[in-house]
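Undergrad: As a plain string of letters, each chain reads:
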Amino acid sequence: MSRLLAKALVLVVGAAVIASCSNGSTTSTGNKFSGVTVRVVTFTGPQIAEPLQRRAPDFEKATGAKVQVITVPFSDLYQKVLTDFATKTNSYDATVFDPQWMGDYVPPGYLEDLTDRVQNDSTLQWNDIAPFFRDFSATFKGRVYTIPLDGDFQMVYYRKDLLQKDGLQPPVTWQDYIAIAKHFQGKDLNGDGKADYGSCLAMKRSAQSYWAWISVAAAYLQSQGTKQGAFFNIDNMQPLTNNPAAAAALDVYKQLSKIGPPDQLNNDVGDSRGLFVGGRCALSLDWGDIGTLAIDKTQSKVADKVGAVILPGSKQVLDRSTGQLADCNATLCPYATNGVNHAPFAAFGGWSGAINKASSSKVKDAAFAFLSYMSAPAQSSVDVTIGKTGFNPYRTSHFNNLDTWTKAGMSEQAAKDYLGAIQASLQSPNMVLDLRIPQTAYYQQTALDTALADFLAGNGSVSQTMTRITTQWNAKTDEIGRQSQLDAYKASLSVTK
Amino acid sequence: MEEEDLTKVSGYVSPHGFRLAASSWRPVAARLDRVAGSVFILPAVVVILGFSIFPLLASLYVSLSRLSFSEGGVELKFVGLGNYAKLLVGIDHEHFLGLVGPATVWSTLVLGAGCALLVFLLYRYARSADRTAAGLAGRVFGAVVTGVLLWLVVNTVLTSGRPGTLVVTIVYVAVDVTVQYLIGLGLALLVVQHLPGRRFFRVVFLLPMMITPVGVAYLFRMLTDTDKGPLYPIWAHFGLTDVSWVTNAWTARLAVMIGDVWQWTPFIFIVLLASIETLPHELVEAAVVDGANRLQVFWRITFPLILPATSTVVLIRLIEGFKIVDLPNVLTNGGPGTATESLTLHAYTIWRALDIGGSAAVAYMLLILVTFVGVSYVNLFRRRVTAMT
Numbered sequence: 027m028s029r030l031l032a033k034a035l036v037l038v039v040g041a042a043v044i045a046s047c048s049n050g051s052t053t054s055t056g057n058k059f060s061g062v063t064v065r066v067v068t069f070t071g072p073q074i075a076e077p078l079q080r081r082a083p084d085f086e087k088a089t090g091a092k093v094q095v096i097t098v099p100f101s102d103l104y105q106k107v108l109t110d111f112a113t114k115t116n117s118y119d120a121t122v123f124d125p126q127w128m129g130d131y132v133p134p135g136y137l138e139d140l141t142d143r144v145q146n147d148s149t150l151q152w153n154d155i156a157p158f159f160r161d162f163s164a165t166f167k168g169r170v171y172t173i174p175l176d177g178d179f180q181m182v183y184y185r186k187d188l189l190q191k192d193g194l195q196p197p198v199t200w201q202d203y204i205a206i207a208k209h210f211q212g213k214d215l216n217g218d219g220k221a222d223y224g225s226c227l228a229m230k231r232s233a234q235s236y237w238a239w240i241s242v243a244a245a246y247l248q249s250q251g252t253k254q255g256a257f258f259n260i261d262n263m264q265p266l267t268n269n270p271a272a273a274a275a276l277d278v279y280k281q282l283s284k285i286g287p288p289d290q291l292n293n294d295v296g297d298s299r300g301l302f303v304g305g306r307c308a309l310s311l312d313w314g315d316i317g318t319l320a321i322d323k324t325q326s327k328v329a330d331k332v333g334a335v336i337l338p339g340s341k342q343v344l345d346r347s348t349g350q351l352a353d354c355n356a357t358l359c360p361y362a363t364n365g366v367n368h369a370p371f372a373a374f375g376g377w378s379g380a381i382n383k384a385s386s387s388k389v390k391d392a393a394f395a396f397l398s399y400m401s402a403p404a405q406s407s408v409d410v411t412i413g414k415t416g417f418n419p420y421r422t423s424h425f426n427n428l429d430t431w432t433k434a435g436m437s438e439q440a441a442k443d444y445l446g447a448i449q450a451s452l453q454s455p456n457m458v459l460d461l462r463i464p465q466t467a468y469y470q471q472t473a474l475d476t477a478l479a480d481f482l483a484g485n486g487s488v489s490q491t492m493t494r495i496t497t498q499w500n501a502k503t504d505e506i507g508r509q510s511q512l513d514a515y516k517a518s519l520s521v522t523k
Numbered sequence: 002m003e004e005e006d007l008t009k010v011s012g013y014v015s016p017h018g019f020r021l022a023a024s025s026w027r028p029v030a031a032r033l034d035r036v037a038g039s040v041f042i043l044p045a046v047v048v049i050l051g052f053s054i055f056p057l058l059a060s061l062y063v064s065l066s067r068l069s070f071s072e073g074g075v076e077l078k079f080v081g082l083g084n085y086a087k088l089l090v091g092i093d094h095e096h097f098l099g100l101v102g103p104a105t106v107w108s109t110l111v112l113g114a115g116c117a118l119l120v121f122l123l124y125r126y127a128r129s130a131d132r133t134a135a136g137l138a139g140r141v142f143g144a145v146v147t148g149v150l151l152w153l154v155v156n157t158v159l160t161s162g163r164p165g166t167l168v169v170t171i172v173y174v175a176v177d178v179t180v181q182y183l184i185g186l187g188l189a190l191l192v193v194q195h196l197p198g199r200r201f202f203r204v205v206f207l208l209p210m211m212i213t214p215v216g217v218a219y220l221f222r223m224l225t226d227t228d229k230g231p232l233y234p235i236w237a238h239f240g241l242t243d244v245s246w247v248t249n250a251w252t253a254r255l256a257v258m259i260g261d262v263w264q265w266t267p268f269i270f271i272v273l274l275a276s277i278e279t280l281p282h283e284l285v286e287a288a289v290v291d292g293a294n295r296l297q298v299f300w301r302i303t304f305p306l307i308l309p310a311t312s313t314v315v316l317i318r319l320i321e322g323f324k325i326v327d328l329p330n331v332l333t334n335g336g337p338g339t340a341t342e343s344l345t346l347h348a349y350t351i352w353r354a355l356d357i358g359g360s361a362a363v364a365y366m367l368l369i370l371v372t373f374v375g376v377s378y379v380n381l382f383r384r385r386v387t388a389m390t
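If you read the sequences in order, they're chains A and B. Going by the numbering used here, the first sequence opens with residue 27, and the numbers climb by one from there. Going by the numbering used here, the second sequence opens with residue 2, and the numbers climb by one from there.
Be careful, since some hints might not be right.
Below, a list of computed lysine-lysine pairs in the DSSO-like style, where the Cα atoms sit at most 30 Å apart [what the hints assert, rightly or not]:
| # | chain 1 | residue 1 | chain 2 | residue 2 |
| --- | --- | --- | --- | --- |
| 1 | B | LYS78 | A | LYS383 |
| 2 | A | LYS191 | A | LYS220 |
| 3 | A | LYS114 | B | LYS229 |
| 4 | A | LYS191 | A | LYS106 |
| 5 | B | LYS229 | A | LYS191 |
| 6 | A | LYS280 | B | LYS78 |
| 7 | A | LYS186 | A | LYS213 |
| 8 | A | LYS220 | B | LYS324 |
| 9 | A | LYS516 | B | LYS78 |
| 10 | B | LYS229 | A | LYS208 |
| 11 | A | LYS331 | B | LYS229 |
| 12 | A | LYS284 | A | LYS253 |
| 13 | A | LYS213 | B | LYS324 |
| 14 | A | LYS341 | A | LYS284 |
| 15 | A | LYS414 | B | LYS78 |
| 16 | A | LYS167 | A | LYS388 |
| 17 | A | LYS323 | A | LYS167 |
| 18 | B | LYS229 | A | LYS327 |
| 19 | A | LYS327 | A | LYS341 |
| 20 | B | LYS229 | A | LYS284 |
| 21 | B | LYS324 | A | LYS106 |
| 22 | B | LYS324 | A | LYS323 |
| 23 | A | LYS106 | B | LYS78 |
| 24 | A | LYS208 | A | LYS106 |
Here are the in silico distance ranges between beta carbons for each label pair [as the list claims (entries may be wrong)]:
| # | chain 1 | residue 1 | chain 2 | residue 2 | range |
| --- | --- | --- | --- | --- | --- |
| 25 | B | PHE239 | A | LYS213 | 55 to 61 Å |
| 26 | A | ASP504 | B | LEU122 | 20 to 26 Å |
| 27 | B | ILE369 | A | GLY507 | 51 to 57 Å |
| 28 | B | PHE79 | A | ALA205 | 30 to 36 Å |
| 29 | B | LEU58 | A | PRO99 | 48 to 54 Å |
| 30 | A | THR70 | B | LEU207 | 30 to 36 Å |
| 31 | A | GLY212 | B | PHE304 | 50 to 56 Å |
| 32 | A | GLY296 | B | HIS195 | 49 to 55 Å |
To be clear, the hints were calculated from the coordinates, so they are not data collected in a lab. From the three backbone atoms N, C-alpha and C, an ideal C-beta is built for every residue, glycine too.
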């Protein structure tokens, strides 16, 4: 009897499984890519991975292609994907990564050339993407290799309500930033009876912190326009990390490390964002994320209290002819506003999707369709307004349609402030491009990051830190080849002389 | 004579001839018997060679090369000892060895005492009756290496300098294993007493070992957060909310060490507990009858009898301890600066930037260090304990 029951049970369960499987396959309305699986690798997130995971089922319904999102920690992403492609393991068909790394991915031929595809895809609306992201983030030596999914500029956020109450203006220079931060440090900003912080920054090692130092240094280092470059001398590839401008930036950075939460040195961007939208900080420096997280009702206590401005600047900049800091004038700082040189930093360049050249053509088609779907205005205009996606505006339509922002919960004024700060950076002729040469990951993520972390921890003076960064950068440049690195650097700045 | 003639008849084989044939086969058979063992274990040896020795040699080669990606594959360029030179005298030496500060009273005292101890031990061996030339040479080598490491530790830790990843790892191992042993032994002695609830505590004390090290690291990250962690009320009570564990080099290292001690003490505890529980009761009873007090019973009977277990468990913890990586990586990311970075984490951070040769060089330095410590320990301590018991 029990055997009969067991058999009946097996039959029923088996039938149910078959039914559910067949049901599953017939629910797909689109079948253009039916049976194709695209394996996309990106970082753990939750930002960046979240929108990919959320939209993958919809894409599957529309096209039949299954998208598997694989995540790895940010600090592992560069080498994990590169070694996978190099060793021909090819366990990933596409990657959503840092376009700065193209210098290592494109020359060995690991990435699919997308130039023709992006031009021929009408849903992608390629020309709606802001020129900077199209021509710099997505392009390497004249060919398109990535589809931008995110627009990245660092800027400064401030608590509008607090500054107004105390009659303070948003920071214009880094000295202003420090003064405002000191003013609020230790005061109770959110009414919980606990002392809060003047400024919250991410300063943790092996995380996404080192860009903040470049954001500070940029104002002192680059004043003559984007093609001047802020990392190396474009005549001899000597690093611009051992001069009074870099020293001034280190000094500011050290001061900032002391005006903030006690464990600031162990805070990553997730921590500093949490503190800011939790109402515990007067100022912060971040990508576009705080702007959208501030309107996320589930975690924000500062909705409509946040203002955003272009990165603070400096009244003194590096005079490359003398190697000294000099006051801004019309020749030295042609793009200065009221004598203050601003150098908005396109840190990172925005998460972008690229396709593994070694995947089969059907999979590559599906991968391209997925990335195009993610970037298309219908999807991206919603995603850039959601804080947890980590995606920031990068299309002209994102900047022009205020409706999507007000629908997402931003007041019109806040949206104008936020988008205005990004646009001011985007349109600046003195924008600083992030480094994009072979082994960028070593220059920034290893050498610079470790030296800065040691400096903040009190290991090494300003001059020792500058010497250390410079020596390590020079050693790496010589190891790879000074001329080839110089060529790559100049190409990344579109310098043709 | 007749037999000799018979031998000329074709097909005839004398009984003696059989003996001759058998005796000529015997060495072959004996040899087969002898090599059979080897033949049977050959597959296992090949597998071990393939999985253990080959990667070791391959990584040795990688540590002597520089890896780069080129069209269609990977290029390994031989650079000789370049990666090692980078660590010892080149751009990464501050990271690896640390920064030596000017001598202080303490550093001089400790270094002097350490060197005097090494010289005394060498002198004692040289004067002992069972000394051998090889033993003396080995000990001189050991003493020189220990002296150099001691110099490095003392001059980076007890001065205004700062320790590199090599010294930090040595400090982790020395402190962690000592503290783990003392606490583990104490707990084991406590649990063998006939106390109420000892069975319960026996299981509870084992729990930390069952948690994955990354879990432990996250746990300690929460506990050391003075601003919002679960221990916030305690920090607030003592006015410590503005003090951070992880922004000061030594408190950050302390946090890592507390985590490691918490996780691995149970391992020492369980081994020593098993050892203590199997001790013969007669000896203790006899000693008690003879009027020995508890301390004497411990020092004269329990401790010597658990020495073999002690020496094994300490050796295992020493070797394991050198490989610490999860805790500093998750708890502090090696920070502040490079203060909490262990050798394995150092290798990992270099590897992340795809300097695979440099990373392999760090890993080899670690291997050399672990081998040196392990071999010295076995020769000087463990063998003596085994002989004694």
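Undergrad: Provide an ascending list of the numbers of those earlier hints which the structure does not satisfy.
TA: Violated: hints 3, 4, 6, 8, 12, 13, 15, 17, 19, 22, 24, 25, 26, 27, 28, 29.
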